[in-house]
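*Asks:* The chain contents come next:
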Amino acid sequence: MDDKQIVQLYLDRDESAIPETSVKYGQYCTSIARNILGSSEDAEECVNDTYLKTWHSIPPHKPERLSAYLGRLVRNISFNRYKYNTAEKRGGGELTAVLDELADCVSGAEDVEREHEYRELVKAIDEFLSDLPPEKRRLFVCRYWYADSVADIARRSGMMEGAVSMALNRLRGKLREHLTERGFDL
Amino acid sequence: MKKEKLFELMVNIDDKYISEASEPFRKKSGWLRWGAAAAYLALLVTAGAFIIPRLSEEDITSQGTAERNYKNYVMASELAIMWKWEYKTLSEKFTSVSFDGRDYVTRARAISRERLGDILGIGTAEGFDEYTEKTYIEEFEVRSINGLSEERFIAAGMNGEYYVYFCQNTELPATFGEVLDTYDLSYTLELDRFTVCEDGRETGIYSLADDALIWQVLSECRDGRLYENVDLWSTHGNYLSFTCTSEYLGVYKRVLYITEDGYLFTNIFDYAYVYFIGEEAAGSIISYAIANSAEAEYEPYEYSVAGIVTEIGEGYILIDDTSLCVDESEGMTFRVHTDDIRVSRCIECCNIKVGDAVVVRYMDTASLSSDNTLSDAHEISKGTLVDGDVLIAE
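Protein chains in written order, with our numbering: chain A, 1 to 186; chain B, 187 to 580.
No wet-lab data here; the hints were simulated from the structure. Everything numeric in this text was worked out from a predicted model, so none of it was measured. Each hint should be verified, as a subset may be incorrect.
Here are the computed lysine to aspartate or glutamate pairs in the EDC-like style, where the Cα-Cα straight-line distance is at most 20 Å [to be verified]:
1. B:Lys568 with B:Asp506
2. A:Lys174 with A:Glu101
3. B:Lys189 with A:Asp104
4. B:Lys202 with A:Glu120
5. B:Lys188 with A:Glu135
6. B:Lys188 with A:Glu115
7. A:Lys174 with A:Glu115
8. A:Lys53 with B:Glu488
9. B:Lys188 with A:Glu117
10. B:Lys279 with B:Asp526
Go ahead and model the full structure; you've got the sequences and the hints to work with.
*Replies:* This is how it looks when you write it as structure tokens:
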């Protein structure tokens, strides 16, 4: 079933929407959740929460790209669970390493919530990504959006693990420079 | 900002990038691991000796862009003027900086703000005016450069203008691993363009898609020993010559050679560093580079536009190249910004005026926009219009 048809099931309040979503995107959502949480049990709970949230959010939303929509939801839900677990000193998958790498790009200081600045920051990150060659952009998004492990990225891309790490190191540096150039004080 | 916040915010990147990354990679192919194979072996030459050229930059200036079709050209030498103090740039004035017990010398290249790290303190910059024999002392803000140890490199300057300074009073790294650690080359240096040299001849110019594997291979050559007093003219077989430009290191179009018999030569640190990385590593790098590159156009050391000065205005000069063109209807006028002291001093001191034939030199192709406006030129020199081999009298 294609994405449009699945979305229509949600819009029609057809309960087969969730099983159909699970068939097409279950593995996709689970891998994101597992990357972040490490635990299959926690990941399964978050994926189920994702289906529920999808059911309650379509309509009014009508996503063009269902994979990206679901990916966002499961990523957010999983990350919130990660933060809860971290406070409780439990679990953690690949995300701890990913966050340590992203620390290269920020100062680590607490800052005041400024929605407008956050929107501008995301725009700047999009701009950074648009300037990258596709293969490099993929490396970056796989690691820092999907929280894929370096080993997994290396296996899928055919690169050596060391080469992936080096490429990511350089990309983080370029992101930091890109954001600094645009006046972001992170 | 906390790292968790950045991770959280990234959830909102464009859908198309999220979807793109979920698709299968196009696997890299064609590169060869240690021990090499047919593609590398095809490079091997059994015939005799050849000379490795000197590790110095060629000074080739081309006139016009690839699209210009000239019958005449302007013959002009590069200026070899010792500028008076008031005409010098900041780094030309202050060629050394003392900081934290170390002495640094200028690399004469500016570095942009986003490449800089923390403020380290205030250094003492010293300059000498050859005309008045007066010594000048100034306080410079000193900052670290991303990826580089401040024991070797700093950025120093004032009023938002920074230049790269390099500490020469240190021993050469005894191993290649120390070079990698000190200069973080995988971060500060991108290996892109290279030439293939076989039997002493350059057989092609190429552009490499991705140098990550080369740095991976080099990272495993940490024990590679420094060779001093190496005879650069002796036989080393075929080799690749990479062109090296790095704002971090303050270098422009230096070279890094990888020879098939396992040597790495480079002059990016002014000295000709030579390290032995081994035939296997060299072979892997050579075969990978050749298999993962595309043919590229020749690039001169620096670029130029030439023509006759038609107007000198406030902050600009107009140059018309009609008289150089095969077809005069294709003549163009270039608007050259002259607010940079390196250009304005040439106009003033060389008394450049309307009607003069001139050559304007610049280093970055991005400096010349599609509307023929040239910013960031670094020199303008007066010359003589030459028709083929014949000097055209003014």
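*Asks:* All hints are to be evaluated individually against the structure, with a verdict given for each.
*Replies:* Okay, the hints, checked on the actual structure:
Restraint check for Lys568 of chain B and Asp506 of chain B: the C-alpha separation of about 14 Å stays at or below 20 Å, so the hint holds. With a C-alpha separation of about 13 Å, the suggested pairing of Lys174 of chain A with Glu101 of chain A holds against the 20 Å cut-off. Distance check on the hinted pair: Lys189 of chain B and Asp104 of chain A sit about 8 Å apart at the alpha-carbon level, within 20 Å; holds. Restraint check for Lys202 of chain B and Glu120 of chain A: satisfied, since their Cα atoms lie roughly 18 Å apart, inside the 20 Å limit.
Between Lys188 of chain B and Glu135 of chain A the CA atoms are separated by roughly 28 Å; this puts the pair beyond 20 Å, and the hint is violated. At most 20 Å may separate the alpha-carbon atoms for a hinted pair to count; Lys188 of chain B and Glu115 of chain A meet this at roughly 15 Å. Under the criterion of a C-alpha separation no larger than 20 Å, the hint pairing Lys174 of chain A with Glu115 of chain A is inconsistent with the structure, at around 24 Å. A C-alpha spacing of about 59 Å is found between Lys53 of chain A and Glu488 of chain B, which places the hinted pair above 20 Å, so the restraint is violated.
Among the hinted pairs, Lys188 of chain B with Glu117 of chain A is consistent with the structure: their alpha-carbon atoms are about 15 Å apart, no more than 20 Å. With a C-alpha separation of about 15 Å, the suggested pair Lys279 of chain B and Asp526 of chain B falls inside the 20 Å cut-off, and the hint holds.
Against the hints set out earlier in the document, violations occur for numbers 5, 7, 8.
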